[in-house]
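Required output: the full structure, derived from the provided sequences and hints.
As you go down the protein sequences, you meet chains A and B in turn.
Each residue of the first sequence is one higher than the last, beginning at 389 in the working numbering.
Each residue of the second sequence is one higher than the last, beginning at 95 in the working numbering.
By construction, these hints were calculated from the structure, which means they are not laboratory data.
A portion of the hints provided could be inaccurate.
[Claimed, not checked] A short, non-exhaustive set of chain A residues, derived as facing chain B with CB atoms under 8 Å: (1) 404; (2) 417; (3) 525; (4) 536; (5) 550; (6) 567.
None of the values given here were measured: they were computed from a predicted structure.
Even for Gly, the Cβ is constructed at its ideal location relative to N, Cα and C.
Each chain, written out:
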Amino acid sequence: MREVLPKLGFELVDLDNVSCCGTPIKSVNIYASLYLAARNLAIAEKLGLNNLLTICNGCHLSFSEAMHYLGKDESLRGKINSLLSEEDLKYKGSLRILHVIDLLHDMIEAETIQKSVKRKLHGLKLASQYGCHILRPSKLGRVDHPENPRKLDDLIGLLGAESLDYPEKLDCCGALLMLSHPDAALTFAGLKIKAVQDRGADGLVVSCPSCHRMFDERQKSAGATIGSKLNLPVLYFTQLLGVTMGIEPEKLGLHLNRSPVDELLEKIS
Amino acid sequence: MTITDLMTSKKPDAGLRLRVLGKIGEHKPYNCYQCIKCTSGCPSMKMLELKPHEIVALSKAGFIEELVNSGIIWTCATCLKCKERCPQEVAPVDLLLALRNLAVEMEAKVPESYLRLVSTVLETGFIQKPQETVTRKLEKVNREKLGLPKVSEPNEKFKSAFLRALEGG
Numbered sequence: 389m390r391e392v393l394p395k396l397g398f399e400l401v402d403l404d405n406v407s408c409c410g411t412p413i414k415s416v417n418i419y420a421s422l423y424l425a426a427r428n429l430a431i432a433e434k435l436g437l438n439n440l441l442t443i444c445n446g447c448h449l450s451f452s453e454a455m456h457y458l459g460k461d462e463s464l465r466g467k468i469n470s471l472l473s474e475e476d477l478k479y480k481g482s483l484r485i486l487h488v489i490d491l492l493h494d495m496i497e498a499e500t501i502q503k504s505v506k507r508k509l510h511g512l513k514l515a516s517q518y519g520c521h522i523l524r525p526s527k528l529g530r531v532d533h534p535e536n537p538r539k540l541d542d543l544i545g546l547l548g549a550e551s552l553d554y555p556e557k558l559d560c561c562g563a564l565l566m567l568s569h570p571d572a573a574l575t576f577a578g579l580k581i582k583a584v585q586d587r588g589a590d591g592l593v594v595s596c597p598s599c600h601r602m603f604d605e606r607q608k609s610a611g612a613t614i615g616s617k618l619n620l621p622v623l624y625f626t627q628l629l630g631v632t633m634g635i636e637p638e639k640l641g642l643h644l645n646r647s648p649v650d651e652l653l654e655k656i657s
Numbered sequence: 095m096t097i098t099d100l101m102t103s104k105k106p107d108a109g110l111r112l113r114v115l116g117k118i119g120e121h122k123p124y125n126c127y128q129c130i131k132c133t134s135g136c137p138s139m140k141m142l143e144l145k146p147h148e149i150v151a152l153s154k155a156g157f158i159e160e161l162v163n164s165g166i167i168w169t170c171a172t173c174l175k176c177k178e179r180c181p182q183e184v185a186p187v188d189l190l191l192a193l194r195n196l197a198v199e200m201e202a203k204v205p206e207s208y209l210r211l212v213s214t215v216l217e218t219g220f221i222q223k224p225q226e227t228v229t230r231k232l233e234k235v236n237r238e239k240l241g242l243p244k245v246s247e248p249n250e251k252f253k254s255a256f257l258r259a260l261e262g263g
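As structure tokens, then:
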């Protein structure tokens, strides 16, 4: 992100003093999770920013939900604002919440991306993984269609690769079950990786860090859980975009992926 | 006349049902006509036998304490398909989250890792402290080495507001 987006003309501002978005504690206390979301929004608002970019689907949903609930319920907004006033913050609801996919698919011309691509991905077949929370619930206004998302596939296509159409595309990665049912969670992840692998994909491109963690970092344990040998390169979309732009893999954090991304990098160079 | 669970002789609890209905969320169990579309597409149904339509029916009938004390409410992966697909806008996933919140309040059996997340957010602002990690070549790196900005520690004012938020839920 930090490497790729500035090259496409976006200015990124780091927020100081922000905290967790609230998603992970929703199960324990929804009210406190809304406070966390609203607090982060208020910090960005205080800096006079108009757009808040998230790389994570969980953050995108948390912020969208906070804006929804605080927007329709004045007394709730008042209560949350009284908590925020301890830190001299106030939630106004003036931000637009954006996901990386919004930015790259809707806010710049496809040509701008195509022009920045130095190495086209011809001959590669890549599967997409959107992640549940940027697709649903559509009533809140999400990043793409809840049942038939296309944007990430379109972006993969822009880079010259073929995006794989596969029946398991909408299957959940299981990340949020890791806390209570890790074996089931790893089975979710393992079965999906296997389905993609069996269809002959050269890799899996994700747009959510939680999915990334399940499919990349936990690929080995997922394989052990379902009793299959899994060997699928998994990377976040901006990592793939960066590679095609000719940015060094280390600058894109590709040395930190746990899945066999080198196999994919060799095919690209 | 009220329903009685013939297996346990338990009676519905209208007071607890009101507490669940009052939680923030878009759950409307009374809208449900049991079409079972939620359960048909539920990934946790396949793996862990979660049946969202049953959760809705039991909530509607008022068997809240039974749900709160059952491990089944912790099997939802929050993929949100049930909320998206429900023709009646029942939002079973929001109902499950409300039941989980109530389980915490009633000090029922809650998976400990969920509670640990909350205390870590209180201490660090996040669900974990910034960590060292290793590259695929087993070289140790941290945020500084990766050229990432420092993550600030939470101040006391945040901590006290967050604690108040936890109590106010």
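Now the hints, each set against the structure:
no. : hint : result
1   : 404  : holds, 6 Å
2   : 417  : holds, 4 Å
3   : 525  : holds, 5 Å
4   : 536  : violated, 12 Å
5   : 550  : violated, 27 Å
6   : 567  : holds, 4 Å
Hints 4 and 5 from the earlier list are contradicted by this structure; the remaining hints agree with it.
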